[in-house]
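Q: Start from the sequences and build out the full structure, keeping to the hints where you can.
These protein sequence lines map, in sequence, to chains A and B. Quick note on the working numbering: the first sequence kicks off at 346 and runs consecutively. Quick note on the working numbering: the second sequence kicks off at 38 and runs consecutively.
Keep in mind that the hints were calculated from the coordinates and are not lab data. Among these hints, one or two may not hold up.
[Unchecked claim] Covered by chain A, per the in silico footprint, the following chain B stretches (three or more residues, Cβ under 8 Å):
| # | segment |
| --- | --- |
| 1 | 88-101 |
| 2 | 230-244 |
| 3 | 292-299 |
For glycine and all other residues, C-beta sits at the position ideal for the given N, C-alpha and C.
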Amino acid sequence: MSETIQVEVTPREEVSETAVLEVRDLHTEFGSRDDPIAAVRGVSLQLHRGRTLVLLGESGSGKSVMARSVLRLYGRNARITGSVRLGDVDISAADERQLQAVRGERIALVPQDPSGALDPLRSVGSQLVEVLRQHGIVPTRAEARDRAVELLRLVGIPDPKRVVKAYPHQLSGGMRQRVVIAIGVSCNPQVLIADEPTTALDVTVQAQILELFGALQDSLQMAILLVTHDVGVAREVGDEIAVMYAGRIVEHGPTAKVLDAPAHPYTAALLASVPTPGIARGRLSPIPGRAVLAGESMSGCPFAPRCQRTVASSWLVEPDLVSIEPGRFVACSNPIRPEERIAS
Amino acid sequence: MTVLLEAEGLRKVFSGGVRAVDDVDIEVNRGETLGIVGESGCGKSTTAKLLLRLLTPDRGSIRFDGADLGRARGTRLRKMRADLQLVPQHPMTSLNPRVPVGASIEFNMRAQDMYPGRRSQRVRELMAMVGLPPEHADRYPHELSGGQLQRVAIARALATDPKLLVCDEAVSALDKSVQAQVLNLLVDIQQQLGVAYIFISHDLAVVEHIADRVAVMYLGRIVEEGPAKTLWREPMHPYTRALLSAMPGYAQERIILSGDPPSPVNLPSGCRFRTRCPDAITACESFDPPLVGARGGGAGQKAACVHVKPLVSTSP
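A: Written out as structure tokens, the structure reads:
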């Protein structure tokens, strides 16, 4: 599905004008000011029309907080700094009323758990109609109803006229996820943020949903930010991948390059720890220890305690995300060089 | 290789007519790993509970280590449980939060009257075996990480020298980098102790990695069974093929199944996969295919599909 989308490898500076969404130096902190827990620590990224950027990371890496911070969904609980620009709108400076106008209409979220996102006491149709009416997409209730049925058909729900009257508990997990996606795309947003949209689903249903994302992207030309912990999903849908560790992006580049020739030791270690089907059995190469948690004190590179490629500076300074080749960025004092990758 | 566990014709119907497990045969040899894969609702966890006798089967027999496990009750069943242990999915909810983890491990020995007088020493040995510092035995569950807790759960299961461990989604809740540590540990323990595993997971890549043989379940039935490598390379059942192709990153052409699995209350007539099967023919509406050795398949490969030609038996 993503093959049809042209993957141009252009340095970030050049494409910045065409970005649909631009995030610069985003920080998200929870807790008290005296003892803050920094979940996201300076993330910058751009989303482009018709392309998918995958945020790949393990639990606690800050990937979900990052996605939700873009939408400013944390209210007063979080201190978010940095800039988020959606075309002409500066989300980071918007007030609640401006945010309401943008959310759902120009930038939408598909959450991980569809059961938690749907109101159990209202029919699927009325929840779709609400979004459409809220944003004034359709003038009358009757038209909204028709549009709701159309949207359910668009996301591949069989018998949408029946499902539009159904309540969430009457649908399977895969169907509920399709409904949530239908709500997400109902206002034809420029940007869709999907937070682990298939993690709760069985693999055969996951395959259906990923296929659906590809088809919707082709027809609606949305920019998608997809958050996942699953390397397979990342490979499948991502045009680009940004790998997160301890609240920062440690590697960013075109999917094939990042996954086939990782430059950051964490990316390489993560890939080596996943069993590869069909390849001779043997021992996996786990990453020793565990990830640092947000709020834990650290000096130098957060991955250093688990890394086998540390150099003296790894323990002293946290490396910045720098360009190693056009379109590829890595934050490491001793990145894996191309000649090493070929040798191994 | 000798047979350790042999279950035949297992069936469990829950209230409301849910046929969770319907005529399942399972065989596990000593020291081997049988993987059971399938999607939610296919009956894999119910099968595990039946084999552990945490549920009583409505029909069928279970023989374990030469004894009748299916009909054992009371003291005899309790004694047999020393040989059959469970590693659950969420150790956080299966370990008592109010006692140190070492006490939970020791409890299993006490329940079986094993290792009197040297239980605390054995707790420390078990902790070392699963790669934890022995002094962690004094910690409470909330003081340990998910990966460490799963190691404790394995140590507890090993406390009574079992011959079979049932691992029900035992690594599914762990992050990938930690999951690999626990999988390696399970492989090491098996080599060291010769314990057999039934390894249940929805993650095909993990099962393929750890299992010698794999059984694929769909709606309460085993639809295909065989050596892990063969099943992976040459799946014979259309459901196995679809399941493999649905894995993200799978190289070959993807088969997208339509719809969701039917309800286990209202099973389709004939083959229960036919409503989603890309290869279904008219005969599937009436023919419920048995699991048989497949002609053209690998050694030990069995499938339940109208398109699979049974092996012609050469024995008299």
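Q: The structure should be examined with respect to each hint, and the outcome stated for every one.
A: Here's how the hints hold up against the structure:
Against chain A, the segment 88-101 of chain B contributes 0 residues with a C-beta closer than 8 Å to a partner C-beta. That does not satisfy the three-residue criterion, and the hint is violated. Counting residues of the segment 230-244 of chain B whose CB lies closer than 8 Å to any CB of chain A gives 4, which reaches the minimum of 3, so the coverage claim holds. Under the rule that three or more residues need a Cβ within less than 8 Å of chain A, the assignment of the segment 292-299 of chain B holds, with 4 such residues.
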